[in-house]
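**Student:** Each chain, letter by letter, is given below.
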Amino acid sequence: MAYGEKVIDHYENPRNVGTFGTQKEIKASAEIGVGLVGAPECGDVMQLQIKVNDDTGVIEDAKFKCFGCGSAIASSSLATEWLKGKSLDEGLEIKNTEIVEELSLPPVKIHCSVLAEDAIKAAISDYKSKQ
Amino acid sequence: MGVTLPMYLDHAATTPCDPRVVEAMMPYFTEIFGNPGSRNHSFGWAAEKGVKIARQQIADLIGADSKEIIFTSGSTESNNIAIKGAANMYAKKPAGQSGRGHIITAIHEHKAVLDPCKRMEKDGFDVTYLAPGPDGLITRSMIEDALREDTILVTIMWANNELGTINEIPEIGELCHEKKVVFHTDATQWVGKMPTNVKLDNVDLLSLSGHKIYGPKGVGALYVRRRKPRIRLTALQEGGGQERGFRSGTLNVTGIVGLGKACGICAQTMDDERERLLVLRNELETKIESALDVTQVNGARDRRLAHITNISFGFVEGESLMMAIKEIAVSSGSACTSASLEPSYVLKALGIGDDLAHSSLRISMGRWTTKEQIDYAGDKIIEAVQKLRVLSPLYDMHNEGIDITKIEWAAH
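If you read the sequences in order, they're chains A and B. Numbered according to the numbering used here, the first sequence spans residues 1 to 131. Numbered according to the numbering used here, the second sequence spans residues 1 to 412.
Calculated directly from the structure, the hints in this document are not laboratory data. Among these hints, one or two may not hold up.
[Said to hold, decoys possible] Straight-line Cα separation of at most 30 Å, DSBU-like style, residue types lysine-lysine; simulated pairs:
| hint | chain 1 | residue 1 | chain 2 | residue 2 |
| --- | --- | --- | --- | --- |
| 1 | B | Lys93 | B | Lys180 |
| 2 | B | Lys199 | A | Lys121 |
| 3 | B | Lys387 | A | Lys27 |
| 4 | A | Lys63 | B | Lys387 |
| 5 | A | Lys6 | A | Lys121 |
| 6 | A | Lys63 | B | Lys326 |
| 7 | A | Lys121 | A | Lys86 |
| 8 | B | Lys199 | B | Lys84 |
| 9 | A | Lys128 | B | Lys406 |
| 10 | A | Lys130 | A | Lys24 |
| 11 | A | Lys130 | A | Lys6 |
| 12 | B | Lys387 | A | Lys51 |
| 13 | B | Lys93 | A | Lys121 |
| 14 | B | Lys122 | A | Lys95 |
| 15 | A | Lys24 | A | Lys6 |
| 16 | B | Lys52 | B | Lys93 |
| 17 | B | Lys67 | A | Lys6 |
| 18 | B | Lys406 | A | Lys6 |
| 19 | A | Lys84 | A | Lys51 |
| 20 | A | Lys63 | B | Lys52 |
| 21 | A | Lys63 | B | Lys380 |
| 22 | B | Lys92 | A | Lys24 |
| 23 | A | Lys121 | A | Lys84 |
| 24 | A | Lys51 | B | Lys84 |
| 25 | B | Lys67 | B | Lys228 |
| 26 | B | Lys326 | B | Lys406 |
| 27 | B | Lys122 | A | Lys27 |
| 28 | A | Lys84 | B | Lys92 |
| 29 | B | Lys387 | A | Lys6 |
| 30 | B | Lys228 | B | Lys179 |
| 31 | A | Lys128 | A | Lys86 |
| 32 | B | Lys52 | B | Lys92 |
| 33 | A | Lys130 | B | Lys406 |
| 34 | B | Lys52 | B | Lys122 |
| 35 | A | Lys95 | A | Lys27 |
| 36 | A | Lys24 | B | Lys387 |
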C-alpha cells in the first residue's frame, strides 16, 4: 500500500527511539511512566515511556519502541514528539483523530492511532500510580 | 557491480513472460487468427495446428498424452473443474441430498482448492481438511488415516506456494489408485520446475498455470487421465463442447501457443535452472541465518522447491519489513495490508505462532535472478531487520530474558 509522506518520514527517521533503562529499572523509577499496549499476535506492540518533572508535572522527555507496521511506528514516533513539554493533563487531551489527521492515515490504519492514544493514556496512568 | 531497482523476487506470485514465448505468440494475434473450431477452411486449420503443437509441448513436460490436456484460463479454473467436476461425477447420491461422498484436502492448500472444497461441503459432500506437521508436509500415511469407505476424491497440492514444501505426491497417488479414489494435485508451483510424469507419479488430475512458468497470464491447463483409470468429470461450463466437452468456449489460441512454448522452454532449461537457483537460495539462507538471531526458515528444509524460501524474523513485523526493503519485491506472510490483520493461514497451519507468522517473508527467485541480486537482497534484508529490532520493544524483552508469550497482552 502507498504510505503518506509524513508516515514515511517518521518511519525512516523515527524520533525519540529508545528506553530509559531496562524493564526492571523502569519499573523501579518513580519519575517514569510506561505504556505497553497491543499484542504480538495482532502485529502491533507499542511501548511508550515518559519522564516527568516531579515539581512541575511536565513531561520532559518521551521515548518509544514499536513492533508494528509503518503507520504504527509513525503514530508512536509522533506521540513522543507531541508529548514533550506537555503537562500530564495536556497529554491526556491528545486524540487519535489528531494523529490520523497529521499523518493522513488511511481507514485501515486508524487502529494504529488508537493504539498510540492508548499508549499515551497507559503511560500517564502508570506514572500517576507510582506517585 | 550495481543492481537495477526495483528488484523482483516474487516469482511464486507470477513470472515475466519469456521473450521467446512472446515471439511465438505474436503471429497468432494477427496472421494466424482463425478459430481452431473452424474445420472447413485454412484459417481454422492453421490455428488448430498451433494448438496441437502446444498441447503436445504441455503433455511432453508432464509425461501425459496430448489428448489428456484440457486448456483453461489458469489453475484456479483447472482446480474448480477438477474438484467440482470429479465430486459431482463420482457422487454417491444425487444433488440436493447429504452424504454424497467424502473429499480429502489440507488446511494449507491454496484458496483456489479450499474454496471449491467448501462449496462441495455446502453441496452435500463431507470434506476432511488435514493439518500438516510442523514441516508443512502432507504424507501418504496422513491420507491413509483419513480415507473412508465413501472417499471419492483426494486433492493435495504438489508444492506449497508459500513455503515451497513438496508433498508425497507419487506415494499419495499410489494409495489413491489402490483404493480407487480420484487423485487431483494442484501443481501450479511444481510444473516447469521439477521433472514430472503423471503416469509414473499416479496423478489423475493435475492443474497448471502459464504465468508461473514464464508464459502468459489467463491460460492454464488441466490434465485429465484417460487410461488406468479413465477419469470422467461433470463439466461446469456448457456451450460449444470444446476440449472434449470439459471446457466449452473458443480456445485462447495465442495464450495456448504461449503456454506451449513456455512448457517447451522449461523442459529444456529446468534442470540447470534448478541447480543454479538452489545454490543462490542456500547462500541467501546461510547469510541471513549467520547474521541474525531468532530467525527461522519455514517448512521442511530438505523437501522444498529450489527457488522459494520463507523466513520468519522474530520481533519484527512483516509489513514494516517490506517497507524497509521496498525496492525489493517479495511477499509477506502477513496480510495486514488488508483490514483483517490476519497472519498467513499457511504458516499458522505449521503451528508457527502468530507473532512469527506476522514476521515472515517469502522470497522466490526466477530465471533471470542473479547472484548480485541475491547478495544485495540479503544485505538489505539483514540491514532492515537490524534497524527494526532497534525499534522493537519485543526484541529488548527477549534480550532481557523476558518470555513475551508469558505477558498478558491486551489484544485490541
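**Student:** For the pair supplied as a hint, B/Lys52 and B/Lys93, is the alpha-carbon distance within the 30 Å limit?
**Tutor:** The given pair, whose Cα atoms are some 38 Å apart, is violated under the 30 Å limit.
**Student:** Between B/Lys228 and B/Lys179, does the CA-CA distance stay at or below 30 Å?
**Tutor:** Within the cut-off at roughly 13 Å; holds.
**Student:** Does A/Lys84 pair with B/Lys92 here, judged by a C-alpha cut-off of 30 Å?
**Tutor:** Between A/Lys84 and B/Lys92 the Cα gap is close to 72 Å, so the pair fails against 30 Å, i.e. violated.
**Student:** When you check the alpha-carbon spacing of B/Lys52 and B/Lys92, does it fall within 30 Å?
**Tutor:** Status violated; Cα separation ~37 Å.
**Student:** Measure nothing beyond the straight line between the CA atoms of A/Lys84 and A/Lys51; if it is 30 Å or shorter, mark the hint as holding.
**Tutor:** holds, 9 Å
**Student:** Given the hinted pair A/Lys63 and B/Lys52, is their Cα-Cα distance within 30 Å?
**Tutor:** Judged against 30 Å, a Cα distance of about 68 Å means the pair is violated.
**Student:** Given the hinted pair B/Lys199 and B/Lys84, is their alpha-carbon gap at most 30 Å?
**Tutor:** holds, 23 Å
**Student:** Given the hint that A/Lys130 pairs with A/Lys24, test it: the Cα-Cα distance must not exceed 30 Å.
**Tutor:** At roughly 14 Å apart (the allowed maximum being 30 Å), A/Lys24 and A/Lys130 satisfy the hint.
**Student:** What's the verdict on A/Lys130 and B/Lys406, does the C-alpha distance respect the 30 Å limit or exceed it?
**Tutor:** The given pair, whose Cα atoms are some 24 Å apart, holds under the 30 Å limit.
**Student:** Are B/Lys92 and A/Lys24 close enough, with their CA atoms no more than 30 Å apart?
**Tutor:** Status violated; Cα separation ~66 Å.
**Student:** For the pair supplied as a hint, A/Lys63 and B/Lys387, confirm whether the alpha-carbon distance does not exceed 30 Å.
**Tutor:** holds, 16 Å
**Student:** For a C-alpha distance cap of 30 Å, please report whether A/Lys6 and A/Lys121 respect it.
**Tutor:** Holds - the C-alpha atoms of A/Lys121 and A/Lys6 are around 23 Å apart, at most 30 Å.
Consistency note: the structure conflicts with the earlier hints numbered 2, 11, 13, 14, 15, 16, 17, 18, 20, 22, 24, 26, 27, 28, 32, 34.
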